[in-house]
Amino acid sequence: MDNLPSHLILEILSRLDDSFSLSRCRLASKTLNSLADEIPSINLQCSFDRYIKSRSPETRSETTPFKTIFNNLIKNSRLVECVRIGIEKPLRVVSYDDVEDESDDLYLSDEKFVEEWLPKVCERLKSVEISDFWIQSCWRRTEVLSLISSHCHNLIELDVKNAWLSVDNLNPMPMLTSLTLEFIRLDDENLNKVNDCFPSLRVLNLIGVGGLKEPKIHLLNLKTCQWTVSNAPSSLTILAPNLFQLKLKCVKPRELVIEAPLLSNLNLTLEKASEFKVKEFRCLKTLRLESRDLSNLLSSFPFGTTIETLIVDSSKSTDSVQSSHLVKISLEDLFNKFPNLSSLTLGSGVWSELQASPFLEGLEFNNKMKGLKEIIAYLVINDIETTLSLIFHVLERLPSLSNAGFLVHRDVDSSVTSSLISRCVARCSSVRWRWGMWKERMKDGWISNGI
Amino acid sequence: MIVLQSSDKETFEVEEAVAMESQTIKHMIEDDCVDTSIPLPNVTSKTLAKVIVYCKKHVVKDKTCDHEEELKKFDVEFMKGLDQDTLFDLILAANYLNIKSLLDLTCQTVADMIKDKSPEEIRKIFNIKNDFTPEEEDAVRQENAWAFE
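Chains as they are written, first to last, in the working numbering: chain A, 1 to 451; chain B, 1 to 149.
What the hints contain is simulated information worked out from the structure, not anything from laboratory work. Positions of the beta carbon are idealized from the N, C-alpha and C atoms, including for glycine. There may be inaccurate statements among the hints.
Label-pair restraints from in silico Cβ distances [what the hints assert, rightly or not]:
no., chain 1, residue 1, chain 2, residue 2, range
1, B, Lys57, A, Arg60, 50 to 56 Å
2, A, Gly211, B, Thr133, 54 to 60 Å
3, A, Lys252, B, Gln23, 49 to 55 Å
4, B, Lys117, A, Arg427, 39 to 45 Å
5, A, Lys439, B, Ala49, 40 to 46 Å
6, A, Asp411, B, Met79, 54 to 60 Å
7, B, Lys72, A, Pro65, 38 to 44 Å
8, B, Asp104, A, Lys216, 52 to 58 Å
9, A, Ser230, B, Asp116, 33 to 39 Å
10, B, Val3, A, Asp333, 57 to 63 Å
11, B, Asp31, A, Ile447, 45 to 51 Å
Here are the computed lysine-lysine pairs in the DSS-like style, where the Cα-Cα straight-line distance is at most 27 Å [unchecked claim]:
no., chain 1, residue 1, chain 2, residue 2
12, A, Lys30, B, Lys117
13, B, Lys115, A, Lys126
14, A, Lys328, A, Lys277
Please model the complete structure; the sequences and the hints are all you need to start from.
Listed below in structure tokens is the structure:
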């Protein structure tokens, strides 16, 4: 193993992805030291330990300031193409109540700091990620975007987190194809500057971006978009003629407009939109819908004949009075709206709604879903007989079903689960059964693959 | 079926699809320079056997969600039992046979091993000697002192 050729050692070192570890490698041998110079990326993350050490009177003097370390790394890596600087997770969740911090040693999006290192490496720079320290950055507005736009003519990917960004003096960046802004206060109310200065974007992620009033995404080359809005701007508009994949999570915009005729994959979580304007989705294949008022959302959704994979869920309302006014979803609604499904997933909220409705009386079996091959459901079991009735009812309506996956809540008694499983398998042996467990805020676990 | 011959002259019969996970073998087959068996003088039988196990698992074209999960679990188990020598032999084999996913997996495993380790521990893993003079070592240590704080 001492015979590993240099290029393979380089393959290993480039996967280290952490400048602290890479620096320790430098001390192992001359070969590793010189190979480390060839790694085209820097990734420096400040740990919680380092933060504490830099502030405690005993260790303060022996702890090199974070920004100094970074500047030294840049000095020795003129060939760098990818730069990541940020704050490690435990430090990100430090709140105002725990810490009083007026200093700026970790104010990483500060344009004065970025100006120290960016010009040295901007020519080759393809990707930049700055994950700032909210406590020091949230009350300081930075012009770092303008700085990056005037220096980095070859930048392809930009990712900024936890900062207050100004868009003044922003220059066009026609090479940029991917932009991620996470937990940002952006002083570009309607996203005009973003649309103007980043026309070639193919990937746009706006997650928890505040400061927006009537934001409109208007990007001709956009293919993938993720947009999470927690407050209630007046309107949300997306005009993207080439958009392929969209994940949109919002609360209650007064108006929601989506014009994306080539959209193939849509994941939409919406509490309620007073005006939902969507043009026909001619190419939509995969659709995930989640809403407190699913029935209403479905009625304003354009016809879904192209959809093959459907996932639906209704989120629980904390206000039970409000939810009793809402029209409950029915299988009829789903089958009528999406006649060409091959896969259907029913979330726990939808399952509860279906169980609560009187589906057993006067059943019409005319409307069978012939193309539906797979069903997945997140079961809510209050009374096993009701659950079984619904499962059997669903099976009757799906003559071509080949795969059935049911997830039982983790808190359900195992004897109930066993009984459920054996009765289902006995009822229908032609189907490939899969069983799993689900719980809120936990990852799903599939128990077995076919019986 | 394709026959592969290791450096120590052992033969392994595998399905063509499995063998084609290796870009090197794939090109040999496509360029029609394959006789009765393909000689692989740079790979021992011990290593080749392991490579074949990996390729067999990764050749399935069925890209369902569970399959991705299953593959991840397999990869973890596959890397678990390996001693250092075998691991490095696999890296060399993956490189020679041009199997990108195996190269990614093995190199990432070694990278994970050296993360957060001291220079001495890193030397042990790579089985390399400290070839710095005391002055050189001092200079490098000074420059990177912050990594040891």
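Going down the list of hints, with the structure as the test:
Between B:Lys57 and A:Arg60 the C-beta distance comes to about 52 Å, which sits within the given range of 50 to 56 Å. Judged by the Cβ atoms, the range 54 to 60 Å given for A:Gly211 and B:Thr133 holds: they are separated by roughly 57 Å. Distance hint check for A:Lys252 and B:Gln23: the Cβ-Cβ separation is about 53 Å, which falls inside the suggested range of 49 to 55 Å. Under the hint 39 to 45 Å, the C-beta atoms of B:Lys117 and A:Arg427, about 57 Å apart, miss the expected range.
A hinted range of 40 to 46 Å holds for the C-beta pair A:Lys439 and B:Ala49, which are about 42 Å apart. Separated by about 35 Å at the C-beta atoms, A:Asp411 and B:Met79 break the suggested range of 54 to 60 Å. In this structure, B:Lys72 and A:Pro65 meet the distance hint of 38 to 44 Å, their C-beta atoms being roughly 40 Å apart. Distance hint for B:Asp104 and A:Lys216: a CB-CB separation of about 40 Å, inconsistent with the stated range 52 to 58 Å.
Under the hint 33 to 39 Å, the C-beta atoms of A:Ser230 and B:Asp116, about 36 Å apart, fit the expected range. For the pair B:Val3 and A:Asp333, the beta carbons lie near 59 Å from each other, so the given range of 57 to 63 Å is met. Under the hint 45 to 51 Å, the C-beta atoms of B:Asp31 and A:Ile447, about 47 Å apart, fit the expected range. Proposed proximity of A:Lys30 and B:Lys117 is supported: the alpha carbons are some 17 Å apart, at most 27 Å.
Note on B:Lys115 and A:Lys126: the hinted pairing holds, with a Cα-Cα distance of about 25 Å set against a maximum of 27 Å. Straight-line distance between C-alpha atoms of A:Lys328 and A:Lys277 comes to about 23 Å, which keeps the hinted pair within the 27 Å bound.
Comparing the model with each earlier hint shows violations of hints 4, 6 and 8; every other hint is respected.
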